[in-house]
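**Student:** The lines below spell out each chain.
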Amino acid sequence: MIELQNVQKSFDGGMSYAVAEISFKVERGELLGLIGESGSGKTTTLKMINRLEEPNQGQILVNGRNVQDRNPEQLRRNIGYIFQGIGLFPHYSVAQNVAAVPTLLGWDPDRILSRCRDTLELVGLDYADYAERRPDQLSGGQQQRIGVARALAAEPEIMLMDEPFGALDPITRAELQEEFKRIQKNLDLTVIMVTHDMTEALLMADRIAVMKDGEVLQIGTPSELLNNPTHEYVKKLVEMPRRRAEHLERLMHSS
Amino acid sequence: MNENLREQLLLLPEYFQGHLALTLIALTLGIAISIPLGIWATQSPALKRPLLITVSIIQTVPSIAILALVVALLGGQIGLLPAIVALVLYCMLPIVRNTVTGLETIAPDVLEAARGIGMSPRQILTRVRLPLALPVIIAGIRTAAVWTVGLATLSTLVGATSFGNYIFTGLQTRNLVAVTVGSVAAAVMAVALDSIIGGIQWLTENRSQEASSQQFKRARLAVLFGIVAGFSLAAYSLLPKPSADFVIGGKPFTEQYILAGLLAAELQNAGFSVDQRLGLGTDILYEATANGSVDAYVEYSGTIWSNRMRETENPGKEVVLEAAANFLEENDGMVSIGPLGFQNLYTLAMRRDRAEELGIETIDDLLPVARTLIAAGDLEFFGRLEWISLRDTYNIDFAEKLTFSPTLMYAAIDERQVDLIAGYTTDGRIAAYDLKTIEDSRNAILPYDSMLLSSATAAQNPEFMSTLSALVNKISDNAMREANRLVDVDGRSVSDAVAYLQSIIRP
Ligand SMILES: Nc1ncnc2c1ncn2[C@@H]1O[C@H](COP(=O)(O)OP(=O)(O)OP(=O)(O)O)[C@@H](O)[C@H]1O
Ligand SMILES: [Mg+2]
Numbered sequence: 001m002i003e004l005q006n007v008q009k010s011f012d013g014g015m016s017y018a019v020a021e022i023s024f025k026v027e028r029g030e031l032l033g034l035i036g037e038s039g040s041g042k043t044t045t046l047k048m049i050n051r052l053e054e055p056n057q058g059q060i061l062v063n064g065r066n067v068q069d070r071n072p073e074q075l076r077r078n079i080g081y082i083f084q085g086i087g088l089f090p091h092y093s094v095a096q097n098v099a100a101v102p103t104l105l106g107w108d109p110d111r112i113l114s115r116c117r118d119t120l121e122l123v124g125l126d127y128a129d130y131a132e133r134r135p136d137q138l139s140g141g142q143q144q145r146i147g148v149a150r151a152l153a154a155e156p157e158i159m160l161m162d163e164p165f166g167a168l169d170p171i172t173r174a175e176l177q178e179e180f181k182r183i184q185k186n187l188d189l190t191v192i193m194v195t196h197d198m199t200e201a202l203l204m205a206d207r208i209a210v211m212k213d214g215e216v217l218q219i220g221t222p223s224e225l226l227n228n229p230t231h232e233y234v235k236k237l238v239e240m241p242r243r244r245a246e247h248l249e250r251l252m253h254s255s
Numbered sequence: 001m002n003e004n005l006r007e008q009l010l011l012l013p014e015y016f017q018g019h020l021a022l023t024l025i026a027l028t029l030g031i032a033i034s035i036p037l038g039i040w041a042t043q044s045p046a047l048k049r050p051l052l053i054t055v056s057i058i059q060t061v062p063s064i065a066i067l068a069l070v071v072a073l074l075g076g077q078i079g080l081l082p083a084i085v086a087l088v089l090y091c092m093l094p095i096v097r098n099t100v101t102g103l104e105t106i107a108p109d110v111l112e113a114a115r116g117i118g119m120s121p122r123q124i125l126t127r128v129r130l131p132l133a134l135p136v137i138i139a140g141i142r143t144a145a146v147w148t149v150g151l152a153t154l155s156t157l158v159g160a161t162s163f164g165n166y167i168f169t170g171l172q173t174r175n176l177v178a179v180t181v182g183s184v185a186a187a188v189m190a191v192a193l194d195s196i197i198g199g200i201q202w203l204t205e206n207r208s209q210e211a212s213s214q215q216f217k218r219a220r221l222a223v224l225f226g227i228v229a230g231f232s233l234a235a236y237s238l239l240p241k242p243s244a245d246f247v248i249g250g251k252p253f254t255e256q257y258i259l260a261g262l263l264a265a266e267l268q269n270a271g272f273s274v275d276q277r278l279g280l281g282t283d284i285l286y287e288a289t290a291n292g293s294v295d296a297y298v299e300y301s302g303t304i305w306s307n308r309m310r311e312t313e314n315p316g317k318e319v320v321l322e323a324a325a326n327f328l329e330e331n332d333g334m335v336s337i338g339p340l341g342f343q344n345l346y347t348l349a350m351r352r353d354r355a356e357e358l359g360i361e362t363i364d365d366l367l368p369v370a371r372t373l374i375a376a377g378d379l380e381f382f383g384r385l386e387w388i389s390l391r392d393t394y395n396i397d398f399a400e401k402l403t404f405s406p407t408l409m410y411a412a413i414d415e416r417q418v419d420l421i422a423g424y425t426t427d428g429r430i431a432a433y434d435l436k437t438i439e440d441s442r443n444a445i446l447p448y449d450s451m452l453l454s455s456a457t458a459a460q461n462p463e464f465m466s467t468l469s470a471l472v473n474k475i476s477d478n479a480m481r482e483a484n485r486l487v488d489v490d491g492r493s494v495s496d497a498v499a500y501l502q503s504i505i506r507p
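Here the protein sequences come in this chain order: G and W.
Under this note's numbering, the first sequence has 112 at position 112, and the numbering climbs by one with no breaks.
Under this note's numbering, the second sequence has 184 at position 184, and the numbering climbs by one with no breaks.
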């Protein structure tokens, strides 16, 4: 469970707010989609949850505990994070990248090895083929999948994902979205997923928060957003997938 | 094989070991100091700029000056220690700078990921930043290594053995073979060291995926062999060798190489083992003898009189000689064994035929005709106290006063383009061109009598003293000039000149 209470963040001493007093709660096992235009504060919001940034004001609770009371390194090792820039370690092999957090947590080598295999299979990469490669020997989409595998490797209960499927081709992307949704349900993961893609948010999220200029405009289930957008901006966001869906519908029935 | 080349190659093992030990010790210490400093600088911005500026400034100080300063700071100590300190100071810049650059140019998204998955600052440093910066750091070490090999040649000037012994001795005694052997050897060592460090770099860059490949294994073996061989050779050369009974010192010019060779040969004949520290600066040599690192060398009375005692008067040969001997005994605990007999000072000289034609023996004889004569001096003579004293004592001046480089000056008088020159009394070319030296009967020019000095400890050995005392007053101006001529003009070796002097001393 993740809860934000009146959280504020300014990078310029209060002249402007990257995140302006937001509050929301993500229940255990829930997947929250975080959507908004560039610069609206999505990444900043995620980073405050695992203390990569500190809020100027407000409180953040993870599983009921204020993150301020926790050792930041311990906190981060228990939260899977998929970075917007992927950030694989270029001097590590794929296997070492995936094993990074379990290694920090001091797992024993056998357990790390078998977990590495499982996680790589989970994101659709063959261990034997990929384990010894370096990140620069992978395509952008493969790197992104390693990023997902690294975040999942230590079996976290909470995942923060910053545009996790951005660099994938549509088919792989759809596959991985479904695969991840399945994993999330099975493991009862609590997830915040940042995305620019409203369709992705509508299909995967239990609830969606729409951000603009550091504020959460509306938060609700996909159908609430589709049927009762409270802001012009939210309406515009859901308009496009709705029109496409209707268009596809017509095409399918016309044949 | 050419005799000279053979003689030079015989010295190679000793010089090679000395050079290698200097380079490896300095480089290892340089790395051990510079990398932590670089890391520290990236952690505390307040330190970074001052540190980078300091190491850059050290770099801009001429290397010879650094050596001299280090010797002074270490209280006049010569040998391995000051050379290593200076080399370490010098090799810091590229390593510190590359460490800082390497650590600071790591992709921000990688650093964010390292923090984001829960690495501590220390783990980020050791597991991410240092490994990623390593290629840049190693590139800095390669630069430092090549510099160090080159600069180590200068260590000869503070009495540490290196390939510089070839170069400085060769330059002074016009032995081009020696200069070439020294330069080539240093170049080969620089290339070899660079390849080994390049090999380490290649290994670190390819470590994960190629660890099993044949090429990787061969490269690793080669690099390991290079490292082990280098360090064991260096370590071997540092093993306490049976230390010589006495150490002979010398300054960097032909006469001094010959005299050091003579002292060494005489002591060896008496059954002592002897080391030579050649090509040392005057002050360094004086201090080294005062503190016992050098046991004997030949100094000149005028040098002590003006450089050490800071006297400006010229009370004449005998007074200066005695005052200099007293001074070094009372102030610095050294012992003056006695004068060797020759003087090394500026003297006016003419072609013998011209001198006879004008009937000139002494400077007084010159006075009536001086204003019709053209004089030549080396680049500094007419600005020196010697000339001013000469001019004022005799009230003498010439029609023209020209300055030349020494080589051209001798050619000019030989071809009668000038009438007289100011040369050194013991310069071999005075003998070679058959010039007549003109006597300074009024003692206008400060006397530079050669004096045999010894350290306080060596002076307590009666056999040492009796061996060297046998040389007192045995070498005339003519004999020294002839010995210098053998080397400087005829291109013979220093040992030939030593043999010549021995034949004069014991006919
Ligand atoms: N470290 C920082 N220093 C200063 N300003 C920052 C910093 N990080 C983010 N900002 C600013 O905060 C605002 C929100 O940034 P944030 O990265 O959260 O946006 P985002 O919603 O993730 O955008 P995108 O979709 O482009 O990734 C932006 O205006 C950005 O310029
Ligand atoms: Mg972002």
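It should be emphasised that the hints constitute simulated quantities derived from the structure, not laboratory data.
Here the structure is a predicted model, which means the values were calculated and not measured.
Even glycine gets a Cβ: it sits at the ideal position worked out from N, Cα and C.
Check each hint, because a few of them may be wrong.
Heads up, incomplete: computed chain W residues facing chain G, CB under 7 angstroms, no partners named [what the hints assert, rightly or not]:
no., residue
1, D109
2, V110
3, S120
**Student:** Hint by hint, say whether it matches the structure.
**Tutor:** Here is how each hint holds up against the structure:
Against a cut-off of 7 angstroms between C-beta atoms, the interface hint on W:D109 holds, since the closest Cβ of chain G lies about 3 angstroms away. Below 7 angstroms, beta-carbon pairs count as interface contacts, and W:V110 has one with chain G at about 5 angstroms; its hint therefore holds. Evaluation of the W:S120 hint against chain G yields a held restraint, the C-beta minimum of about 5 angstroms falling below 7 angstroms.
Hint check: no violations occur; every hint is consistent with the structure.
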